[in-house]
Amino acid sequence: MTIGQFGGRVSRRSVLEGIGVGALGLAGAALLGCGGTKSGGEAGGASSGALGVNQPKGTGLPLTAPVVQGKEKAGGTFTEHTTSSYTQHDPHTALATNIWHVIGDKGLEPDPQTAAIRPHVLTSWEVADPTTLVFKVKPGIKTHNMAPWNGRDFTAEDVAWNLERIGGLYAEKLKVPAASFQRASMVANITKAQAVDPTTVKVTLSKPNSSFFNGLMDTRVPFAPKEMDDIGWNDPLKMGGIGPFQISEWVKDQKMNYKKNPNYFRPNEPHFDNFNWTIIPDRASAVAAFISGQTNMISALNQLEIDQIKKTKPDANLYAWIDSNWHHFRPSVEYAPFKDIRVRKALQLAIDYAQIMDGFYGSGWGYQAALNPGFPDSWKPEKVKSLAGYNPDTKAADRAEAQKLLTAAGFPNGKGIDFQIIFQNTSGTAYPENCQRFQAQMQQVFPEMKIGLKPYADNASFSVPQAKGDFQMVSYVITAAPDSVIEMQSQYYTGGSRNYGHFSDKNLDALIDKAQVELKMDARNALMEEFQTKFTTEWVPMYVLGAQPARVMMQGNVAGYDTTAGTWYGYSASTKACRWFYVDK
Amino acid sequence: MPAASVVYAGRRLITNGGVTGMAKYVLRRLIGMVPTWLIIMFMVVFMVRLIPGSIVDLLLQDQGGGGSYQAGIDRAQVEHRLGLDQPVYVQYVKYVAGVAQGNLGASLWDQQSVVSLIAQRVPVTAQVALVAIITSVFVSIPIGVISAVRRDSPVDYLLRSISILGISVPGFAIGTAIVIFPTLWWGVTVSFKYVSFAEDPIGHLKLIIPPAMVLGVQLSASVARLTRTMMLEVLQEDYIRTARAKGLQEPKIVVKHALKNALIPVVTVLGIQITNLLGGSVITETIFALPGLGRLMVSSIGARDYPVVQGIVVLTAIFVMCMNLAVDVSYGYLDPRARPA
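Chains as they are written, first to last, in numbering that gives the first Met the number 0: chain G, 0 to 584; chain S, 0 to 340.
Hints listed in this document are in silico derivations from the structure and should not be mistaken for laboratory results.
The beta carbon of each residue, even a glycine, is placed where N, CA and C say it ideally should be.
If a hint is listed, it holds; no wrong ones were tucked in.
Derived SDA-like pairs (lysine to any residue); straight-line CA-CA distance at most 25 Å: (1) S:K255 x S:D155; (2) G:K174 x G:A95; (3) S:K205 x G:T81; (4) S:K192 x G:I308; (5) S:K192 x G:R282; (6) G:K312 x S:I179; (7) G:K174 x S:E78; (8) S:K192 x G:V551; (9) G:K174 x S:D109; (10) S:K192 x G:G75; (11) G:K191 x G:A177.
Covered stretches of chain S, as calculated for chain G (at least 3 residues, CB under 8 Å): (12) 171-184; (13) 190-198; (14) 274-287; (15) 290-304.
So, partial list: chain S residues that the calculated Cβ filter (under 7 Å) puts toward chain G: (16) P51; (17) Q76; (18) W108; (19) D109; (20) Q110; (21) V187.
In isolation and in its complexed conformation, chain G is listed as follows:
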């Protein structure tokens, strides 16, 4: 028993006055607030109603998710396409999608619309004291039935091993650079994870972390059996996890096929017998494959593709929502004019966000300021749209103000400002078009401002100047982390891992530090509110054009997709497919 630094009495198993585990962790934290020792509901079809008395406050964003009716047709093969086979197979160091997003499973699961925490592999999550967390592992979870595991129990020892590994604590032992553990920020401050008994894990932190539970919802930190370091991470066919599907075939640039895990811990899931990925690198071919029924699903659709598919495949269903991906222009404060807040603010006021986003996406995107609107504690599109700079109705006045600001900063009509925007010139992406729109807008408002565009042929070549901060402005899309504080830290903190523009402000850093250790929900929300206000008025470290629209189409005989659709869909990777099924129509 101890007295908490938050001014309240802190006892083991019942901290978090009100709610205190991060913006997305409302539900679980609410139970802690009720003093429950068995927080969270049982995994396996638990509805959010089972989580506790306090339902998440986030209500989600606009969503198109038709419910497909019909009698379930058990089994079958579901086929998706991807452009290339995965190259990296260690989930904790991989950059992008990998096999573990299907064969593995993560600790906690977000509600796809509200991002509220749902139990999953972990059935409860508690703050025993500010630097000690206690998790309960669902009993009876089995590994895939393949050597060397042969369906053994997945226990607290495995979970502890995963948490320490995700946190990069094994970097030295494995002779892997610590920075290679890409997702260590999801379990920031971890110093030790220990199995107390087969179903209990105790985590010790160096300092409190209000984002820890939310971090465990990230698909990019799936759990693997603890023997994997000995087996090695090179051969996908030797990998076995606890996820709904297990690997059955893997041929590079051809296919990545999985079969049903009959012992999956969620009752009656998955529905499909096989979950196959066909490699189709060409976009037009991928659309053709969907129309011809060779694949069951296609995502990242533009309006033209949707129209084509609707004409030829009228029974296909469209699902759409405001995504967790957000497009932005980030100035580098190494470039002298951008050091001046008046210049940064002037550009923010001058941008016509709607013209740019409507121009590429059409409808379906959402206004965003500092934080993705999917976060429960972020400003929603309607609010952002009403602010100076974002509001299309006040654009003329905002631009007049922008011109005054630039004149005051010593750059009348933009004279003396000469910069380049770097971006990936890959087909089908928004970068080339949106950079041109931004360029045209600025030159209209500030006739003497010079803006050059510098395209890069692919991701590898683009990543060099971006990572080095070797640019005056960069255009890029970020996928939001599953927690607003993690997001702030990586994007805006001095030296933050994605703070490519080298923005630095000691007040902002102090605010983030405070938010990370703040376990009281109201206080944390107040900090996030302060951050978002100052982001648009005092700091303006970047120009977020908006949150992109997500558009997915499924064949008409696939049901269950509506249960996984939503802003936080991307964080449900392995568990989303296991909830879909075929229906007789």
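On the provided structure of chain G, position chain S as indicated by the hints.
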């Protein structure tokens, strides 16, 4: 008797020095390939590293990497682990030594042997190329012959226009059209699920034929034009006039006397064009989702997987050099004037 030379398209092909001369010629050409090959290897090892962005950048580009990249510490560790911290000339010497022992290295991503990766992909590309050549031969030669025989007739104009169209329209456009239009009109398209010949021979052929047609059409267009030109030239020869004077039937004159001689340069050009099919495979294999050498090349460049890119370029270079040699040698056999005495 002084040794005669056969020269075609500005290239000295073979001397009329008999079997010994031929063997010496082949040997000399093979020896001559070695420095070319070494230069190609140097160029590919050097140039592939000049492409902006490296595999290290890919490994470091995301969250953890952004910060550490600036510190420059972990980047060095990754470079050392991958052997990329050594000077390029050292990497080159090591690579050449490996290649000399038949070791093309391993993928930097999954450590799979480059030889085995290439060996898996060659059959697909080779089959597409073979079907493309067969298509080309069966389409282009009749077109060229008919066009020449019916010179300046509407049929000639039509066939020539088709040939020009085939040359003008890029392969990716033809390929995309083959994929897209049946989809939009009838809701069907080619299959994108690869099956091997052993698994499903018919299904496999269905996969191979459309991309082969794309390559074949382009190849046909140029071969048809060459066939027509050569036929026109041969049809003016005295021995054709003689054959006609002897009362031989026109089809026999065209096929037996004219075509046989007109095809000599066509065959050699066809041989050289085979090497161009490798370039075309990059596009067609991408559109038709075929797991061939072209796709491996593209994905390896994107992943900056240097050993794989090097391996493909080196082996392709060897193939191209050998094809050129084979074409030159075959010319000697096809043209009686160049046969060894």
